[in-house]
Amino acid sequence: MPGSDGDVVITGVGLHGPFGDLSATVSAIKQGRSALSMAIPAGVDAFPPCPGATAEPASPAPFLPDRKLAKYMSQTTSLSVIAAGRALSDAGVIDSDDVLQPMGLFAAVGMTVFDLSSVSRAVERSKAPDGTLDLQRMGTEGLGACHPLMPFKSLLNMPVGLISICFNLKGPNFVTYPSVDQAGACLETAARGLVEGRFTEVLVGAASQGFSLMTLCTQLRLGRLAETVEQAVPFEPQHRGIAPADGAGLFVMTTRGTAARRGTPIRARVLGVSHGRSEGTTPDELYAVRRRHWARALGNRQPSRIVSCGNPDRTADIAEADQRDAFPQTERARLVSFDGALGELGPAGVFFAVALVLTGDPPGNAPIDSTDRCYLISAGDADGAQFALALAPEEGSGA
Amino acid sequence: MPRVVVTGMGVVAPIGIGIGPFFDGLRSARAGVDRIASFDAGRFPTRIGAEVNGFDLDTTGLSDRERSALSADPKSAFGVTAARQALAAAFGDVPISRCYPEERVGVVAAAGLEIFHLDDLVPLFSDGAIDGRALRDHLFDTPVFTNLQIPADLGARAIARLTGAGGMVQVNVSACAAGTQALGEAFLAIRQGVLDVAVTGGYDSMLNPLGVGGFCMLEALSTANDLGPGASRPFDKHRDGFVLGEGAGFCILENAQSALARGATIHGEVLGYSSSMDAYRVTDPAPDQAGAIRAMRGALASAGLSPAQVDYINAHGTGTRKNDPAETRAIKKVFGSRARQIPVSSTKSQIGHLIGAAGAVEFIAGLFALNEQLLPATINLVTPDPQCDLDYVPGTPRQATVEHFMSNSFGFGGQNACIVAGQWSP
Numbered sequence: 001m002p003g004s005d006g007d008v009v010i011t012g013v014g015l016h017g018p019f020g021d022l023s024a025t026v027s028a029i030k031q032g033r034s035a036l037s038m039a040i041p042a043g044v045d046a047f048p049p050c051p052g053a054t055a056e057p058a059s060p061a062p063f064l065p066d067r068k069l070a071k072y073m074s075q076t077t078s079l080s081v082i083a084a085g086r087a088l089s090d091a092g093v094i095d096s097d098d099v100l101q102p103m104g105l106f107a108a109v110g111m112t113v114f115d116l117s118s119v120s121r122a123v124e125r126s127k128a129p130d131g132t133l134d135l136q137r138m139g140t141e142g143l144g145a146c147h148p149l150m151p152f153k154s155l156l157n158m159p160v161g162l163i164s165i166c167f168n169l170k171g172p173n174f175v176t177y178p179s180v181d182q183a184g185a186c187l188e189t190a191a192r193g194l195v196e197g198r199f200t201e202v203l204v205g206a207a208s209q210g211f212s213l214m215t216l217c218t219q220l221r222l223g224r225l226a227e228t229v230e231q232a233v234p235f236e237p238q239h240r241g242i243a244p245a246d247g248a249g250l251f252v253m254t255t256r257g258t259a260a261r262r263g264t265p266i267r268a269r270v271l272g273v274s275h276g277r278s279e280g281t282t283p284d285e286l287y288a289v290r291r292r293h294w295a296r297a298l299g300n301r302q303p304s305r306i307v308s309c310g311n312p313d314r315t316a317d318i319a320e321a322d323q324r325d326a327f328p329q330t331e332r333a334r335l336v337s338f339d340g341a342l343g344e345l346g347p348a349g350v351f352f353a354v355a356l357v358l359t360g361d362p363p364g365n366a367p368i369d370s371t372d373r374c375y376l377i378s379a380g381d382a383d384g385a386q387f388a389l390a391l392a393p394e395e396g397s398g399a
Numbered sequence: 001m002p003r004v005v006v007t008g009m010g011v012v013a014p015i016g017i018g019i020g021p022f023f024d025g026l027r028s029a030r031a032g033v034d035r036i037a038s039f040d041a042g043r044f045p046t047r048i049g050a051e052v053n054g055f056d057l058d059t060t061g062l063s064d065r066e067r068s069a070l071s072a073d074p075k076s077a078f079g080v081t082a083a084r085q086a087l088a089a090a091f092g093d094v095p096i097s098r099c100y101p102e103e104r105v106g107v108v109a110a111a112g113l114e115i116f117h118l119d120d121l122v123p124l125f126s127d128g129a130i131d132g133r134a135l136r137d138h139l140f141d142t143p144v145f146t147n148l149q150i151p152a153d154l155g156a157r158a159i160a161r162l163t164g165a166g167g168m169v170q171v172n173v174s175a176c177a178a179g180t181q182a183l184g185e186a187f188l189a190i191r192q193g194v195l196d197v198a199v200t201g202g203y204d205s206m207l208n209p210l211g212v213g214g215f216c217m218l219e220a221l222s223t224a225n226d227l228g229p230g231a232s233r234p235f236d237k238h239r240d241g242f243v244l245g246e247g248a249g250f251c252i253l254e255n256a257q258s259a260l261a262r263g264a265t266i267h268g269e270v271l272g273y274s275s276s277m278d279a280y281r282v283t284d285p286a287p288d289q290a291g292a293i294r295a296m297r298g299a300l301a302s303a304g305l306s307p308a309q310v311d312y313i314n315a316h317g318t319g320t321r322k323n324d325p326a327e328t329r330a331i332k333k334v335f336g337s338r339a340r341q342i343p344v345s346s347t348k349s350q351i352g353h354l355i356g357a358a359g360a361v362e363f364i365a366g367l368f369a370l371n372e373q374l375l376p377a378t379i380n381l382v383t384p385d386p387q388c389d390l391d392y393v394p395g396t397p398r399q400a401t402v403e404h405f406m407s408n409s410f411g412f413g414g415q416n417a418c419i420v421a422g423q424w425s426p
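Chains S and A supply the protein sequences, listed in that same order.
Those letters in the first sequence? Residues 1 to 399, per our numbering, in order.
Those letters in the second sequence? Residues 1 to 426, per our numbering, in order.
FYI, nobody ran anything at the bench for these hints, they're computed from the structure.
Because the structure is a prediction, the values reported are computed rather than measured.
Idealized CB from N, CA, C, for every residue including glycine.
It cannot be assumed that every hint is accurate.
[What the hints assert, rightly or not] Computed list of chain A residues with no C-beta within reach of chain S, every gap over 12 Å:
hint: 1; residue: Gly304
hint: 2; residue: Gln341
hint: 3; residue: Pro384
[What the hints assert, rightly or not] If you want a taste of the chain A side facing chain S, the calculated C-beta under 7 Å gives, among others:
hint: 4; residue: Ala160
hint: 5; residue: Ser174
hint: 6; residue: Gly336
hint: 7; residue: Arg338
hint: 8; residue: Ile342
Construct all of the structure, not just a fragment, from the sequences and the given hints.
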């Protein structure tokens with residue numbers, strides 16, 4: 001995606017997920033470890049164990065200008081701030097206020113995590129004697145017993161609000177929700193904005209907390225949840241369902257010209273982004289649309305590997321592999337997924353996939369033997385969300 | 001760069017469903033605020049809201065499954081209805097696919113929060129914690145979506161389906177700034193050649209026990225329950241908070257050249273858009289209004305207009321103690337000595353605060369001013385606040401020459417968005 005100031009490039013990567021930061025995640029993947037386990041979501045007992053992964057515990061404290069900000073932060077917001085801080089540090093701009101202030105910020109978030117613990121007292125005090133909701137009691141006793149910061153932790157735009165406050169970002173922005181194609185909305189807007197000169201640097205990413213009770217309930221009801229860890233591994237014969245996970249990934253993107261002027265190392269070049277939605281119901285219909293997105297992202301390039309995110313089951317795996325084989329540009333590409341090790345990270349999965357494919361050669365990745373290296377990140381979900389991102393690692397970046 | 005025009009509009013609002021009734025409501029300065037009727041808010045600190053009345057879910061064209069889901073969460077149905085109106089206005093009975101390839105058609109929507117059903121949740125709590133066994137039984141005993149958590153993007157997906165959109169589908173959740181951001185991002189996508197046409201706008205309803213309760217906890221809502229229709233009082237000295245509203249507004253934005261080629265009626269041209277962040281506090285707008293100022297100046301620059309060319313501002317104008325003087329100061333800083341000559345009004349005085357849908361419906365109120373040459377009023381502005389000393393078009397609409405207007409949205413959490421539109425001139 002070349003603009004007047006050169007290619008759109010990635011200069012900073014920050015993430016935090018089931019294994020922790022990027023280094024820990026790469027190390028774990030290289031060791032063949034999986035973060036998935038059967039667990040009961042927090043805040044409930046006597047619930048059937050579900051496959052998934054929570055994020056490694058971490059504190060956003062190093063990135064908070066005021067410790068009091070922590071009280072407004074949900075786990076999703078906390079993960080977002082941590083990943084943002086790491087991305088800005090990685091790009092070497094975290095102390096450069098002149099860079100940070102005009103920076104754009106486009107982030108996608110997963111479904112709302114309703115913090116049941118913050119409303120439990122309120123709920124108890126909103127009950128009628130027969131155990132049902134009593135609005136009269138809610139209006140008098142219930143609201144007064146609710147944790148006063150509950151609304152802040154429920155608002156979907158808080159990750160962007162808190163990132164902007166923590167790092168003094170004041171530029172163009174939005175927050176999208178909740179599926180994997182919304183990562184595409186963020187990446188495409190960021191790339192277009194750089195090409196058009198709307199901003200010269202942009203922070204773009206996603207956060208999702210899929211392994212939370214209410215979200216698991218929704219996935220369970222929709223029949224999307226795997227029953228075991230083994231069932232949640234894409235491209236394995238028993239793949240049937242997803243294992244939701246928690247994590248956030250954000251990138252700093254800029255133009256090659258800006259990176260050169262700042263002396264910032266480039267991690268990767270963005271070749272193309274495409275996203276949309278398919279109303280197809282059969283794998284053939286779905287992948288006809290996906291092929292369009294692949295073609296749009298790739299241009300005339302041939303990827304050495306395709307990283308797949310969010311495939312819900314074996315049927316989708318086979319359809320994607322068939323498409324890979326049938327599409328001349330991709331027939332030689334290795335098809336891999338990190339969902340079986342990390343879990344399904346919603347829109348954040350795209351950023352984990354990019355970070356991992358750029359960092360070394362985790363198992364499952366074919367050795368890089370071409371000088372014209374190109375990777376395709378391909379994502380979709382059971383609702384027809386479609387996303388494709390093509391990128392090339394920068395020579396000499398270590399990727 | 002392609003020019004971007006508005007070729008269709010649709011509204012579901014507390015003062016009218018459909019463009020005709022909505023415009024009639026603006027003309028007659030009707031108040032949409034009344035006592036909350038959709039649930040028993042009798043013991044809540046705030047018992048008033050601007051509800052949509054007379055909405056018929058059966059006319060939305062949704063599937064039985066979707067209707068079943070949305071009967072417990074009307075905002076998506078509002079959105080689908082408004083989008084359907086806008087599509088009909090722009091394309092009549094002609095499927096959009098006959099005019100554009102599907103990949104050139106996008107949906108850029110703003111949505112409110114998910115709905116959590118307390119009446120479903122409460123019986124599952126026992127001794128201060130949720131009973132996992134009861135929850136599990138509950139999960140398999142009720143239809144999908146109608147319990148616990150309803151995803152907020154249902155409406156956007158339904159709109160994408162009815163449109164046949166194969167291009168970008170974006171669901172913006174930037175709270176009070178979301179509606180304007182959706183319109184703005186759709187405008188940019190067409191201007192930058194990504195789309196030829198976008199169905200864009202917002203839908204929201206927080207008028208449920210948890211929504212009203214949450215805003216009560218933030219002490220953001222008016223508690224002037226006895227005033228009823230008079231409670232939403234932006235820029236008035238005695239204002240005491242905003243009044244929650246609900247509804248949806250959608251526009252068809254189109255590449256001007258394509259729209260002209262197919263003989264579309266043009267209701268206005270989108271000229272510029274900008275967004276910004278305060279980076280100040282979670283709870284307060286920046287005291288120097290720098291974020292709001294940056295958004296307004298950015299939108300003017302994007303439009304290629306000077307401050308002297310703006311004839312009307314549709315304000316964010318919430319009616320909270322902090323917002324209204326802050327927005328007034330921001331307008332003064334952007335427009336200088338001309339600020340007092342520019343009419344500024346708050347549509348929230350009539351329809352309340354539609355949160356995620358606010359920017360979209362208020363943009364359509366701006367298009368009303370553009371097309372009718374009639375400025376929507378700020379109703380209930382009786383006692384001027386000395387800190388709010390602009391021309392707020394108090395009481396009744398006013399005839400005026402409107403060539404260009406600006407619409408502001410400033411979100412909780414510090415996200416700001418501003419959009420500028422004008423008369424179409426080939």
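Contradicted hints - numbers only: 6, 7 and 8
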